[in-house]
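Take the two lone chains, each set in its own frame, and fit them into one complex as the hints suggest.
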Amino acid sequence: MSAPTTNIPVAIPAGASSGAPAGQAPRTIAGSLSGGIPGARGVASRLLHGTPGRMRLFGLLGVLAAVLLGAISVNALLASQSAVERAANNSAQVVRNQSIHVDLLRADAVATNAFLVGGLESPESRASYESAMGRVASGIAEAAAAQPADGNALGVLAQRVQTYAALVEQARSNNRLGLPVGAQYLTQASAGLRADAIPIVTQVVKANEDRAKKEFDRSNSSLQLLVGLVSLIGLVALAVWLAKRTHRYLNPSLTGAIALLLVALFVTATVITGVGSAARDVSNGNYQRAVALANVTTAANDARANESLTLIRRGSGASNEQAWVADSKTVDATLATLNDSATLQDQWADYVDAHVKVRSLDSGGHWDDAVKLSTSTADGGAAKTFGTFDVSVTQSRDSAGKATVTTLETLGGTAPLIAVVVALAALVASWLIIRGVGQRIEEYR
Amino acid sequence: MTTMLSTLRRRLSVLVTVAGLSALAGCSGVTYAETQLPTTPAPKPSSSAPAVPAPTCTNATQSYDPLPSLPSRGDITDASMRRIISKGFITVGVSADTYLFGARNAFTGGIEGFDIDMARAVAKAIFGDPNKVQLRVITAGDRIPLLKDPDRPIDMVARNMSMTCGRWNDIGFSAEYYRSGQKVLVSKALPGAKDLGLADLKGKRVCAPTGTTSLTKLQEVKGPVVVTAGTHTGCLVLLQQGKADAITGDDTVLAGLAAQDPNTVITSAKAITVEPYGLGLNKADVYLARYVNRVIADLESDGEWKTIYNRWLAGPLGPAPAPPTPVYGR
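Note that the protein sequences, when read in sequence, are chains P and Y.
Going by the working numbering, the first residue of the first sequence is number 19, and it counts up by one from there.
Going by the working numbering, the first residue of the second sequence is number 848, and it counts up by one from there.
Warning: the hint list may mix true and false statements.
When the alpha-carbon atoms are kept at most 16 Å apart in a straight line, the in silico EDC-like pairs for lysine to aspartate or glutamate are as follows [stated by the list, open to error]:
1) Lys375(P) x Asp386(P)
2) Lys224(P) x Glu881(Y)
3) Lys979(Y) x Asp387(P)
4) Lys934(Y) x Asp998(Y)
5) Lys1041(Y) x Asp1098(Y)
6) Lys971(Y) x Asp1098(Y)
7) Lys1069(Y) x Asp1047(Y)
8) Lys1130(Y) x Asp976(Y)
9) Lys979(Y) x Asp416(P)
Selected chain Y positions facing chain P (in silico; Cβ < 8 Å) [as the list claims (entries may be wrong)]:
10) Gly935
11) Lys1064
12) Gln1107
These are computed hints drawn from the structure, not numbers from a lab.
Note that the structure is a prediction, hence the values are computed from the model and not measured.
The C-beta atom is built at its ideal place from N, Cα and C for all residues, glycine as well.
Just chain Y, with the same shape it has in the complex (with noise of 0.2 Å):
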């Protein structure tokens, strides 16, 4: 009976052994499931359905008659104009990355160019400094709906914008007090990339910042695939990172981002549009236009124009031209 017992007592050992080692491999055996990447929508391609056609007139330019002369600050009665100057300074929707029009200067901090010195020109003529002004950065797309907004975030555009009659429907415009005309930069690697022509980049990918002209012209062309971004300046970074083969724009603003990679150039092609610049105003404001087309009026004919031309633009496009003639009457 001893054997027997001691026979069983092995046996049971080596299987209490046996269950032990089962329970030690049951608690490592703990495996987690890998972790999942966040789930991001898929981007939605860039619409390229061609823009309502740009209804048509002939008086884009025409702006309101300007003030006889600029009355002293104390004589303004008009609404618009009492706010500004209650506020202290007057603020302007503006662009922080068109060089040489509005720009920031990487080494002070502060937004200079073209632009900007117009709107200081109407600080100064409201305020007599330059200096009160409230630059707000925006984007092209920002422009109109600012400029609508009933809150007033904004009281002016000094954004290289463009004078059309679509756009005359939502706002309203100083005079003209810039002509330019919108060209193609292409990139220096294409075949003949010097003579190339928008009709010409047939299955290229040509950038255009969206709610700009620039890009409703490029989507009436046939053959450009139409890559768009924010500002001109994310069109240059789409292609130095290869997204995009060419841009699109004014030549101002071409001549901008040329200067900033030397592996772009601004093609020989004509101008396919003119582009005649205006400051852009609340379509109620029609005081507040027809006092900043005093303050370009004066600033045309005592030369300052040209000083400003020639401080921003001389370098790249040559000494300054004649400014461009107001119209008025509307």
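Bound conformation, chain P alone (with noise of 0.2 Å):
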């Protein structure tokens, strides 16, 4: 413990040499003092000597309390609010690398449906290709911007992206002519999209996922609050002591301290726990329910893309329609855990009709009509009613990712000036405490 060393010049003899009458304890250490230093420890031990110099150690450990109570309060309100911070930020990041998820998925289902329908791509299916691929890379810089750790992942999928949408422009080129070695190129890049950039993309929802769990969980840091409660009743305990010692049952600056340091413990202890809560109930609510709704994205998407492929490997697709199945058992039972997604189950089952149709016409040996199927917009065809869900699937979750950013962002607002006035508090509690056993050092003498 350095507090002795600390002392010594608050000792300051000068004040009570002026002022107080000889012959008691201070007078001796003014003495010792204006006599030549004899070490920092003699001085010390006069300092803390006899009752006072008790009263002395004492009353600096009470401050010291008072202080550590102020400081852990501000720091816990403090960390309350940088944590649904933090949480926001990385909601935000799991929603922004959820949609360049899907918006890979739903390139390579335009990509493959235009090669399905034969001849040259219509402008609508490019433009559509297009926008995909152009929201998937300001997507990636604008997720490695917000989130440093994700930065090499997000560099490694940018290259992936590149390669798939090289080998996506190779397909075409060879499609313009004729030569069917363009198919080969689409396959392959399909298969790469799946193997090598997808598996990144969910890891890194994944880290951020996890990050926005470990942040909720952080945001109720009530647990630090109970070394202010330890501070309080230790200073509890110096009154108790004090009056035992003065006899003097009531201290008013002491006690006004205790209230004082009870009071901004409550308020940070409620303040913490609202935020808390707040933040429990936007993960358990909203966010949950934008990752489900983006999984279902997810899954619809690649759903589709997959009976695209089916069609394309005319038979031998057989795979691929396994993972439509597992796609469509996702959807549905995520669906199913989800409120207010009646109107969705309704669209996503007009698909599956629409689907099984099309798988019903290809065994059945008719691939032309139904790839007419596959490709249709119009009423019951498959690409209007996938598109239907789509877009629906798509606005829901956007609200609800946005509902949770908006939400945690204005969570912890009210908590850095609590925090200033929680310190402001400290330390006039700090002062009474002070002035309090000051006021009984001097009755003393």
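Shown next, in the form of structure tokens:
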């Protein structure tokens, strides 16, 4: 403990010698000081000698306790607030990367579907592919800027996406020349996308989900306040000790300090618990909904691409159809867990109906009709029913994602202000403790 | 005493400020571990171990006797054929990327070529309609497993399939309907590209599709580094991406590849094998084989075979030669 050393100047016997009458303990200290310093240890032991010395020591400990309580409260408040802020950032990053995931699959579904139809792709499908890839490119840049820890992974992802886009372009140019090698490039592009690029996005999403979860947990840092509680008990013990020593039961300053600190601790605890439970509500509410809807969107778009690939592979697409079934199960199961998902469930069921028809046409030997139905934008066509579902599920996801981030951003807003007030209260309490203990020392002489 | 108190207070306020600052520093001090990349298992090196030596025999092209004449649909009692008839179409395993033999037409999306016309001819004989055929796109490696599958996912394979003694152990074949030979296609960038044979390609990466006789032959030749892909077109992609220097396969298939890339050339080296193409069938479907042999014999005798040949192959290979002589009596 370095306290004795810090005490040397505190003693400031100059003040004591000027006002205090001679013959008391302080004067001896003054005398020893003026007569040359025999060593810090000696001064300290004399300063802390006897009952006044103990009062001084305990008073100092009381001040430290008050300061500790203040510091802990301020720290807990600010920690809660910044944890919520980081939870908001991490949630936004999850949503951002899920969008990249969906757009990659969307682009692939469009590209494979354009091949399915044969002939030159329509300007609409080209535009739709390009806008999806454009969103992927800007999404990767935004995501890398938002979370430096994802930078390396996203860099590799950008490379893989570039490879994918290059292969699709090679497929297109060969296709324009009517060369079958074009289809081979497309197959390679799709396979590479799923094998090399998608796992990275999934990994980044998972990492940010973990980070968001940790921050949601951290947003309730009320455990720290236990230390504050211990400080408060220490102060009460000081008051009791002082009362016993001096036979004066009420010390207004000290009692005021304890009351003030009690209020500060209580306010801090209330604010933190409030922020924590509000954050938990968001985490179990909108955030979970956004994540679930994003998973639905991803699975749905993967299913759609697999429908095209099953047709493109003409009878050898059994594995793609299995992937479709797995995706469809994910969509159904996830939607079932969400509130207000009846419309989405109906829209998905419409698409499933269309898909089942496509499959039965194809396995019945009517490949051409199957392709027509799969790419049909007329009512009941697979392209139409899927498009309807895709648009509404994306809208729901976006609104849930936005709600998550905006709610979280406003949650911890008042915490810094309260932290300042609590810090001031701790300072005032420290002053009160010094005053209260000082008063008793004075009286003791 | 007041001075002492005020000094004490000053000290304390400094202390509190320091504590507050360190608390702030504690808040902003969260750093995240870098996001890990997913670990991918290292790709297995493509097995370049030589295949089991192919069994030899003298009657690889010998198939079953054709039916004397095509029976009408109602008269057929054979179980396998009845299944096809009641299904309403014949399911044929084909290639979608063997240009000229079985390839997807990029403009119409349909699959077309010499092999497809053979499949359609069989459908026409059974159902009177060449469109009663379900084309199932398969890779070379899929051919035998799918034909052997007891669930009968396909009834027939029309996918430039060489008749070999080894394959006769697993499946049945129709009579020979086309004769090809294994050649080499190289990138024009190689020195003396035009005359290179397989044995000259020491240390060069040569690609052949898995599950083909071309690959077996390639593995027997010492010198080239073997590279594999799912299909011949997959090999072309590897060549265009600089991951292979040459492709070996049947001259007909290579003609289709060369037509897609002017930077490649089929070398003048003589064909190193004779590749008799037959339609692949399930080993038990002897009656179907005899039926199909009748269809092929009729195609050859009425000039339809030559018409089909000229439609697809006259351009790159010249006008139709005489059809291969079928061997029967198995």
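Inset, instruction - Of all the hints given earlier, name the ones this structure violates by number, lowest first. - result: 6, 8, 9 and 11
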